[in-house]
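Here is what each chain is made of, one letter per residue.
Number of protein chains: 2
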Amino acid sequence: MHSERHILSAFDRDLESVQAMILKMSGLVEDAILDAARALDTRDDELAEKVRRGDKAIDALEEQVNHECARLIALRSPTAGDLRVVLSVMKIAGILERCGDYAKNMAKRSMIVSQANPVAGASGAIRRMARAVQVMLHDALDAFVARDVERAAEIRVRDADVDQMYNALFREFLTHMMEDPRNITACMHLHFIAKNIERMGDHATGVAEQVIYLVTGDMPEEARPKGDVTSLAPGMAE
Amino acid sequence: MHSERHILSAFDRDLESVQAMILKMSGLVEDAILDAARALDTRDDELAEKVRRGDKAIDALEEQVNHECARLIALRSPTAGDLRVVLSVMKIAGILERCGDYAKNMAKRSMIVSQANPVAGASGAIRRMARAVQVMLHDALDAFVARDVERAAEIRVRDADVDQMYNALFREFLTHMMEDPRNITACMHLHFIAKNIERMGDHATGVAEQVIYLVTGDMPEEARPKGDVTSLAPGMAE
Chain A
1 MHSERHILSA FDRDLESVQA MILKMSGLVE DAILDAARAL DTRDDELAEK
51 VRRGDKAIDA LEEQVNHECA RLIALRSPTA GDLRVVLSVM KIAGILERCG
101 DYAKNMAKRS MIVSQANPVA GASGAIRRMA RAVQVMLHDA LDAFVARDVE
151 RAAEIRVRDA DVDQMYNALF REFLTHMMED PRNITACMHL HFIAKNIERM
201 GDHATGVAEQ VIYLVTGDMP EEARPKGDVT SLAPGMAE
Chain B
1 MHSERHILSA FDRDLESVQA MILKMSGLVE DAILDAARAL DTRDDELAEK
51 VRRGDKAIDA LEEQVNHECA RLIALRSPTA GDLRVVLSVM KIAGILERCG
101 DYAKNMAKRS MIVSQANPVA GASGAIRRMA RAVQVMLHDA LDAFVARDVE
151 RAAEIRVRDA DVDQMYNALF REFLTHMMED PRNITACMHL HFIAKNIERM
201 GDHATGVAEQ VIYLVTGDMP EEARPKGDVT SLAPGMAE
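Just so you know, the protein sequences line up as chains A and B, in that order. One point on numbering: in full-length UniProt numbering, the residue at position 45 of the first sequence is 45, and numbering is uninterrupted. One point on numbering: in full-length UniProt numbering, the residue at position 137 of the second sequence is 137, and numbering is uninterrupted.
Chain A extracted, bound-state conformation (with noise of 0.2 Å):
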């Protein structure tokens, strides 16, 4: 009895320990999607750099937390209910990683961007979508650390909000291109940009419904307000 008690809580610790890589790793993610956003609408190629050259320690963050799940699971044999919760927190890192590579990949774009020129409006459209996108990252990893079922869910409705900002976007770059069509380069990579956060926000999205499933045990049904109408409306068609 005495002995199974360790065991547990040689397993609540390491738990704790991948945890906080997860919430390191969401906030070198956080600042990557702010500073990205900044650069491209400050036209700071130093700052896009610095986001570039940082997605390495994101990566190598992900690889550690995949290694000490996997040895976590091998070592103490958690019970189903504890090993989901390992499960979810790999589930998370893989997650963060893609959003880590969204930023950087923003950001190597907006070095093509700050070379063109301006198109009204765009960078502060996407800086505001951009900060919406990180608010919702880092509420979705503090309702996973607090096993916050309500603020996940209200997390997936304010990813209709990030959609409809990405279709408002959509739209206008259309417009600009067909008013000018020196306009379409430096369109095609800010839709690029402004569609990567729009996935940042799916991912978030993602997170929080891994905490609804920690829970309550099943996955949301696809009831979430959908999205990316670009992909769905005939009438954008003409």
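Don't take every hint at face value.
Identical copies look the same in the list; a pair holds intra-copy or inter-copy alike.
To be verified - Once the Cα atoms are required to be at most 27 Å apart in a straight line, the calculated DSSO-like pairs of lysine-lysine come out as: (1) Lys24 x Lys56; (2) Lys91 x Lys195; (3) Lys24 x Lys195; (4) Lys50 x Lys24; (5) Lys50 x Lys195.
In short, the hints are calculated from the structure, not lab data.
Dock chain B against the given chain A, drawing on the hints supplied.
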């Protein structure tokens, strides 16, 4: 001793069963990629709709794989090496699920593109690209089942061809858009389709890297010929 043998073979049997599931998943994803590209090329909205609907089955299989893998870990307490295989299976299932999403997205966009004026040469080129990625994915799964590092390494090289096809298409789309603004909307969607296929190539490479990691214990270095240069070459900004 006898009992240990029994446990080992039970693990192997379970492992074969989840491996069969990801092979089935891969088959569905490969069909989805080819069908989506064919639907685009032949303007077949019905086929596109079939791809769109078919994604649910892929998602369900991923859920099943994750469930079975968690059960397998909890029940069999696999050794470190066996655990690595199970975690790889889960990782690959996640990759395939995302490829399924990309194919679904391709199908949705093909229904929009089919309403617009054709963009010369585009859908044929996209179909060739899709075919190349489908074969890569198929080979990556084969390499996984056979734990064939050489074959896996070869897939990483082939990804560079797909990236080149994508880069060529990107330039072509820019030209079409600048030549005639009425091409802009269709080209935006075609570009997304091409980018989705390019990403699936990256994902197939991700599967191949899992194989290398499984067999050698090391993740391959970033030495593989990189990729989508449209976010790298400042020259593209002009």
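State the violated hints by number, sorted upward, taking the hints as numbered earlier in the document.
-> Nothing - there is no hint that the structure violates, so all of them hold.
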